[in-house]
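Participant: Using the sequences and the accompanying hints, generate a full structural model.
Residue numbers (UniProt numbering): 1 to 226.
Think of the hints as simulated: they come from the structure by calculation, not from any bench.
C-beta: ideal position from N, C-alpha, C; glycine also.
Among the hints, erroneous ones may be present.
Below, computed lysine-lysine pairings styled on DSBU-like, alpha-carbon distance capped at 35 Å [unchecked claim]:
#, residue 1, residue 2
1, K19, K55
2, K19, K116
3, K13, K141
4, K13, K55
5, K116, K141
6, K55, K116
7, K19, K141
8, K6, K116
9, K6, K19
FRET-style restraints, in silico, Cβ to Cβ [said to hold, decoys possible]:
#, residue 1, residue 2, range
10, D59, R32, 55 to 65 Å
11, D26, S200, 42 to 52 Å
12, K19, L201, 38 to 48 Å
13, R135, R10, 23 to 33 Å
14, Q4, G165, 43 to 53 Å
15, S200, N132, 21 to 31 Å
16, G165, K13, 18 to 28 Å
17, Q155, N21, 10 to 20 Å
18, S50, F11, 15 to 25 Å
19, H180, K141, 17 to 27 Å
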Amino acid sequence: MVSQVKSDPRFYKLLQEAKANGAILDEVTYQRLDQLTQGANHQGVAAQISPYTYKDLSDLIESAQAASAQPVILVADGIHDPHNLGAIIRTAEAIGAQGLIIPQRRAVGITSTVMKVAAGALETFPVARVVNLSRALEDLKAAGFWIYGTLATAQQSLPTVAFNGAIALVVGNEGEGLSHLIEQNCDVLVSIPLSGETASLNVSVATGMALYEIYRQRQFPAPNLS
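Facilitator: In structure tokens:
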């Protein structure tokens, strides 16, 4: 950290907690911190931590089922941009999803940029990284999850779907959306209705909208007017 951070009262509690947990605090110049972070926007402080530990898929499914009677697991099919993945994780944790599954190949993993954009969500939000995403969907189905895929051209509109039970929500990558094989493995394909001239949404925004609709239905069900 730079000297300004060390003397800033807003960081006092955080620095004391870091010390109490055995962290070594080093004061460096801005130039040195720029070197250590390879020019990233560090805002005067950076941490060296161990690599992220991914959850086993079976453990993630088990913990999701233990956490909720109607768990929601997010599945990201080939997200490339770490800022998008970080934003997805932050939103998913905040809304109340139980975890995320990502593929090992042709997709970004949990990097320092993802961690920063996630803004602490990864402290409590589990992520599993799998070799075969299609097989992971089969495992979810075997565990009782219904697989919903988001697709711009899907005939069924998001607000018309009743999201009940255990759900896996699958979102595609930034450019091509869902891969053909993953699309075939979904039980239901849904689209987000748009009224403007813009034809598509950023993947993290679309994911947030879909997740919110799931939790809106569960927390604020429509009244029975009959």
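Participant: Each hint: holds or not?
Facilitator: Verification of the hints:
1. For the proposed pair K19 and K55, the alpha carbon gap of about 28 Å is at most 35 Å, so the pair holds.
2. Restraint check for K19 and K116: satisfied, since their Cα atoms lie roughly 21 Å apart, inside the 35 Å limit.
3. With a C-alpha separation of about 45 Å, the suggested pair K13 and K141 falls outside the 35 Å cut-off, and the hint is violated.
4. Between the alpha carbons of K13 and K55 the distance comes to roughly 30 Å, so the proposed pair stays at or under 35 Å and holds.
5. A distance of roughly 32 Å separates the Cα atoms of K116 and K141; the hinted pair therefore holds under the 35 Å criterion.
6. Between the alpha carbons of K55 and K116 the distance comes to roughly 19 Å, so the proposed pair stays at or under 35 Å and holds.
7. Of the supplied pair hints, the one linking K19 and K141 is violated, its CA atoms being roughly 45 Å apart against a limit of 35 Å.
8. A hinted pair counts as satisfied when its Cα atoms are at most 35 Å apart, and K6 with K116 qualifies at roughly 20 Å.
9. Proximity of K6 to K19 is assessed by CA-CA distance (about 12 Å); at most 35 Å being required, the pair is judged to hold.
10. Between D59 and R32, the C-beta spacing of about 40 Å breaks the proposed range 55 to 65 Å.
11. One distance hint, 42 to 52 Å for the beta-carbon pair D26 and S200, holds here, with the actual separation near 45 Å.
12. Taking 38 to 48 Å as the suggested C-beta distance range, the pair K19 and L201 conforms, at roughly 43 Å.
13. A beta carbon spacing of about 47 Å between R135 and R10 contradicts the range 23 to 33 Å that was offered as a hint.
14. With their beta carbons about 51 Å apart, Q4 and G165 fall inside the hinted range of 43 to 53 Å.
15. About 28 Å separates the C-beta atoms of S200 and N132, a value consistent with the hinted range of 21 to 31 Å.
16. Here the CB-CB span from G165 to K13 is close to 42 Å, at odds with the stated 18 to 28 Å.
17. Checked against the hint of 10 to 20 Å, the pair Q155 and N21 fails, with Cβ atoms roughly 52 Å apart.
18. A hinted range of 15 to 25 Å holds for the C-beta pair S50 and F11, which are about 22 Å apart.
19. Our hint of 17 to 27 Å for H180 and K141 holds, since their Cβ atoms are close to 18 Å apart.
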